[in-house]
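So the sequence shown is residues 1 to 502, counted in full-length UniProt numbering.
I should point out that these hints are in silico values taken from the structure, not numbers from a laboratory. Treat the hints loosely; a few may be bogus.
[To be verified] Cross-link-like lysine-lysine pairs, in silico, DSBU-like; alpha carbons within 30 angstroms at most:
1) 211 with 264
2) 264 with 254
3) 297 with 109
4) 254 with 230
5) 360 with 110
6) 211 with 230
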Amino acid sequence: MSHSDSTVLLRLRVKTIRVANQLAKWQCDLSGSSRDPQAPTTCFRSPISVSYRRALECIEMHQTDIGLDHPVAIELLSLRDALAQQQHATQQATTQVQNYASEVSAANKKARQLGAEIATLRAELDFLRAPRPAASPSPAEAELTLALRRANSRLAEIQTQLLEANTSVVHTLAEQERTSDEVSEAYRLLEAARAQEVELRATLAERDIEKRTYELALGEYAALVRDLEKREGMGAAHLNLQEAVSAGDVELVKELTTEVARSKADIESLQAQLNVERRASELERVRLAEVRTELGKREADDRSAAALVERYMKFSQHHTDVLQRALNDQSIRHSATVASLSQHVENLELALASESARTKQLQSSVDNLVEDLARESSGRRREIRIRLAIAGRTAKVEEDLRRWERRIREHPQSQSPQQTSDLLFGLQELEQFRDIVNVLGAPLVFVMLPPLILRMTLSLVHLPASWPQKSLSRVLLQSLSARRFEGSNLNENVLNSHRYRF
């Protein structure tokens, strides 16, 4: 039902209530203090004539039972079924359109949400991909850099000096080994020279012994030779032999003396070399001591540097442990936050699911309610159309009554019973239509002429001439208005209690 239809229906209902209240007031004015429907009969005490009896007989003849086999009833039933089918199809189409509109709106909302999320993610991605700004150099960093460079240069110098010291120590050790080898060789040569000297002394002693032996032998031989010379005169040969033996001994002595002198010279040379090597070894020992002292200093420096580095490493490790604990705490808090947010998201999803189910249920209820409202509004509009048609028919009947009254006033004796019967038949058709509608399930109360009005109408034919003090048309119209709706207490509640479905 559109807003304009509901507005028109509301206005019609207000107008209907006003008309009903006015009609009830008119009926109270006509009926006086009594609420008996037969009370207006006290206002007219005219005798019942023959025309009245004939009218009653015509009414009784035409009061037949109205069933569903009447053509009007059949047509109304077919129209009602077709209209119900059309309304049902229209309601289903409207429901589908509403569902499609809801789905489209939800899809648009979801698309907007996804667009916003995509925009946020793109902004975050651009921020993450953006080049980081170069950090401005600070004096502390510059000072630390200079100190680090100084420490690096000092360390490089110390390493160079240590390498040189190690090289010199290696050379010193090599020289020491060489000197030791030379000293050992000199001692060996000295021992060999001493052994050779001993051998030479032994050889000289043997030569002395041999010389003495030779001298003794030569003396004996010389004595023997002298004896023989004395005896034989051989002195010259003995002298030559002694000279030859003496010359050989001299050569041998010379050789031995030369050898001893050479050995002494070698011993002196070796002794000089040994002294030189001793002095060199003393110098090397001094240098070795100096190198060891320097090496001790370097080792002390290394130990102090190692202690400093160890302290720095402990400090760095402490800071690393603190940062690790902070990271662990942040990780735990992040996990707790993620868990709480996940639980919140699950709760929101459950709430969303319940709200979706509730929305679907409400949508179904609204669809059913809209269908009922559509049917109700259609029935209301149909009722209004029927009421308007009946009002037109009633107006036509009232106009006929006015004409009939005018004719009666103008020509009291010229009215024929046929015209009265036609009027009664028209009223009876309205009564039959009302019965058909009541049988179909729509208890409409049409504006019908009651038997009292008919009696009044028939009796007016024989009213005396003094009757026009009160207008006949006014009496008829007030009576019609008083009987337009049943009951004198018709109000908005009575109107709202009627439901018309066909």
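Each hint, compared with the structure:
1. 211 with 264: holds, 24 angstroms
2. 264 with 254: Holds - the C-alpha atoms of residue 254 and residue 264 are around 15 angstroms apart, at most 30 angstroms.
3. 297 with 109: violated, 80 angstroms
4. 254 with 230: violated, 35 angstroms
5. 360 with 110: holds, 18 angstroms
6. 211 with 230: holds, 26 angstroms
Of the hints listed earlier, those the structure fails to meet are numbers 3 and 4, in rising order.
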